[in-house]
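Engineer: For this one, chain E is given, so just place chain H on it according to the hints.
There are 2 protein chains.
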Amino acid sequence: MSIAAYYPIFDKLTPDEQQLLQNSAVRRTVPAGMLLHNGSEECMGLLLICSGQLRAYITSDEGREITLYRLFDRDICLLSASCVMSDIRFALMITAEKETDLWVIPPYIYKALMERSAVAANYSNALMSSRFTDVMWLLEQIMWKSMDKRLAAFLLEESTLEGTQSLKITHEQIANHMGTAREVVTRMLKYFQTENMVTLTRGTIHITDPDKLETLAE
Amino acid sequence: MSIAAYYPIFDKLTPDEQQLLQNSAVRRTVPAGMLLHNGSEECMGLLLICSGQLRAYITSDEGREITLYRLFDRDICLLSASCVMSDIRFALMITAEKETDLWVIPPYIYKALMERSAVAANYSNALMSSRFTDVMWLLEQIMWKSMDKRLAAFLLEESTLEGTQSLKITHEQIANHMGTAREVVTRMLKYFQTENMVTLTRGTIHITDPDKLETLAE
Numbered sequence: 013m014s015i016a017a018y019y020p021i022f023d024k025l026t027p028d029e030q031q032l033l034q035n036s037a038v039r040r041t042v043p044a045g046m047l048l049h050n051g052s053e054e055c056m057g058l059l060l061i062c063s064g065q066l067r068a069y070i071t072s073d074e075g076r077e078i079t080l081y082r083l084f085d086r087d088i089c090l091l092s093a094s095c096v097m098s099d100i101r102f103a104l105m106i107t108a109e110k111e112t113d114l115w116v117i118p119p120y121i122y123k124a125l126m127e128r129s130a131v132a133a134n135y136s137n138a139l140m141s142s143r144f145t146d147v148m149w150l151l152e153q154i155m156w157k158s159m160d161k162r163l164a165a166f167l168l169e170e171s172t173l174e175g176t177q178s179l180k181i182t183h184e185q186i187a188n189h190m191g192t193a194r195e196v197v198t199r200m201l202k203y204f205q206t207e208n209m210v211t212l213t214r215g216t217i218h219i220t221d222p223d224k225l226e227t228l229a230e
Numbered sequence: 013m014s015i016a017a018y019y020p021i022f023d024k025l026t027p028d029e030q031q032l033l034q035n036s037a038v039r040r041t042v043p044a045g046m047l048l049h050n051g052s053e054e055c056m057g058l059l060l061i062c063s064g065q066l067r068a069y070i071t072s073d074e075g076r077e078i079t080l081y082r083l084f085d086r087d088i089c090l091l092s093a094s095c096v097m098s099d100i101r102f103a104l105m106i107t108a109e110k111e112t113d114l115w116v117i118p119p120y121i122y123k124a125l126m127e128r129s130a131v132a133a134n135y136s137n138a139l140m141s142s143r144f145t146d147v148m149w150l151l152e153q154i155m156w157k158s159m160d161k162r163l164a165a166f167l168l169e170e171s172t173l174e175g176t177q178s179l180k181i182t183h184e185q186i187a188n189h190m191g192t193a194r195e196v197v198t199r200m201l202k203y204f205q206t207e208n209m210v211t212l213t214r215g216t217i218h219i220t221d222p223d224k225l226e227t228l229a230e
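Going down the list, the sequences are from chains E and H. In case it helps, my numbering puts the first sequence at residues 13 to 230. In case it helps, my numbering puts the second sequence at residues 13 to 230.
Don't read these hints as lab results, they were simulated from the structure. Hints may be right or wrong, so weigh each one.
Identical copies look the same in the list; a pair holds intra-copy or inter-copy alike.
[Stated by the list, open to error] Here are the simulated EDC-like pairs of lysine to aspartate or glutamate, each with C-alpha atoms no more than 20 Å apart in a straight line:
1) K161 x D73
2) K157 x E77
3) K161 x D221
4) K157 x E74
5) K123 x D160
6) K157 x D73
7) K24 x D99
8) K123 x E74
9) K110 x E174
10) K161 x E74
11) K24 x E127
12) K157 x D23
13) K202 x D160
14) K202 x D221
15) K157 x E195
Isolated chain E (complex conformation):
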């Protein structure tokens, strides 16, 4: 499908602007694990996700991580074009969590489009508002919600994303999503096991009582 199908405001652009996008956008497939954006060092541009999964996160000087949000089919990744937004002054990392098929609008093209089109600029605003909302949701979780509730919610989310109750994920990976230490995750999972919500085997967390996890997460 053409880029028109993945950029919701395509029909509202002028024929010139549509032509510009169609001529400059590049279709790419990136492998799972690929780093797409690394603070200020990379600037791929606007990414329109056809299928796949991206993860946006930040890291500490000591190498700790926390996931800010994830993007899925038909989502648009704005902050991979952060170089064209001079007031974005934080270093975000974006990786492909699964093989991802996407349209790339190069940064200088996207900048030119925003400068001439109020529609495109307002749509950028809407995208930024969505990501800002994601981060505010995360901040509220961190501030007001205990780690056990956050972990329960994370396991249920992973289960939905992967379509299975047997999660192949390490305690270290979970810690990096949640911005905590591996030991904290291990201790909490053992507690979940004693409460009969999960069973732990090497490399796998099996959710045995999703309803009980759900109740905890709420």
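Structural biologist: Only chain H this time, still in chain E's reference frame:
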């Protein structure tokens, strides 16, 4: 001074748009302590601060608070116009911390301006990027920085803002800025006192060794 002096892109707008702003913007003085924005319940519009101090914060169901950022002379408060941005889905509170003199651009006027002017829409984008950056900075502080360093930084910031080393602020107020419990602040301040960085008297925190606090904050 007219609104032109407080809206940095005023000169880049068309004469019609400039006229629209000049005819619709209202100059107001709000008293210290006044709640200007309360989640989705109020929508004052874009606020251009001539002089004064605003505080943006969020609250938990249990009434805990954390300060997201503050705005000062010549800053622009965008999220008080959040009703015109449909993808902002978080409940922010904004209060005047000091008597504040400001220009108010009503939300429907601001929406109309953004829709017709790419310049205005891109400037909205820049404002949102700045606030997003403020929140990311806070998130990083919360995630990677210990409470003693955050408290040291807060005391120094307050001292700069108020132009004094004798801070008239309660432990409860500090806790509400930092998103923690009063007891945590009290305990930490007592530790700072034993380390000869502050002296505590009823209602006042006196900074006795700003350099030592500075070293701690870094």
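Engineer: Take the hints in turn and mark each one as holding or not.
Structural biologist: Comparing the hints with the structure gives:
Proximity of K161 to D73 under the C-alpha cut-off of 20 Å is restricted to the inter-copy arrangement: shortest distance 16 Å between copies versus 27 Å within a copy. For the identical chains of this complex, K157 and E77 are neighbours both inside a copy (19 Å) and across copies (13 Å), given an alpha-carbon limit of 20 Å. In this homomeric assembly, K161 and D221 come within 20 Å of each other (Cα to Cα) only inside a single copy, at 15 Å, whereas the closest approach across copies is 41 Å. For the homomeric pair K157 and E74, the shortest alpha-carbon distance between copies (11 Å) is at most 20 Å, but the shortest distance inside one copy (24 Å) is not.
In this homomeric assembly, K123 and D160 never come within 20 Å of each other (Cα to Cα): the closest approach is 43 Å inside a single copy and 42 Å across copies. Only between protomers do K157 and D73 lie at most 20 Å apart by alpha-carbon distance; the minimum there is 11 Å, versus 25 Å within a single protomer. For the identical chains of this complex, K24 and D99 are inter-copy neighbours only, at 19 Å across copies versus 27 Å inside a copy, given an alpha-carbon limit of 20 Å. In this assembly of identical chains, the alpha carbons of K123 and E74 never lie at most 20 Å apart, being 34 Å within a copy and 43 Å across copies at closest.
For a Cα distance limit of 20 Å, the shortest separation of K110 from E174 inside one copy, 11 Å, qualifies, whereas the shortest one across copies, 51 Å, does not. In this assembly of identical chains, the alpha carbons of K161 and E74 lie at most 20 Å apart only when taken from different copies (17 Å versus 26 Å within one copy). Taking the shortest alpha-carbon separations for K24 and E127, both the intra-copy value of 15 Å and the inter-copy value of 12 Å come in at or below 20 Å. For a Cα distance limit of 20 Å, the shortest separation of K157 from D23 qualifies neither inside one copy, at 42 Å, nor across copies, at 46 Å.
With identical chains, the CA atoms of K202 and D160 are at most 20 Å apart within one copy only, with a shortest distance of 11 Å there and 31 Å across copies. With identical chains, the CA atoms of K202 and D221 are at most 20 Å apart within one copy only, with a shortest distance of 14 Å there and 46 Å across copies. Taking the closest pair of Cα atoms, K157 and E195 come within 20 Å of each other both inside a single copy (19 Å) and across two copies (19 Å).
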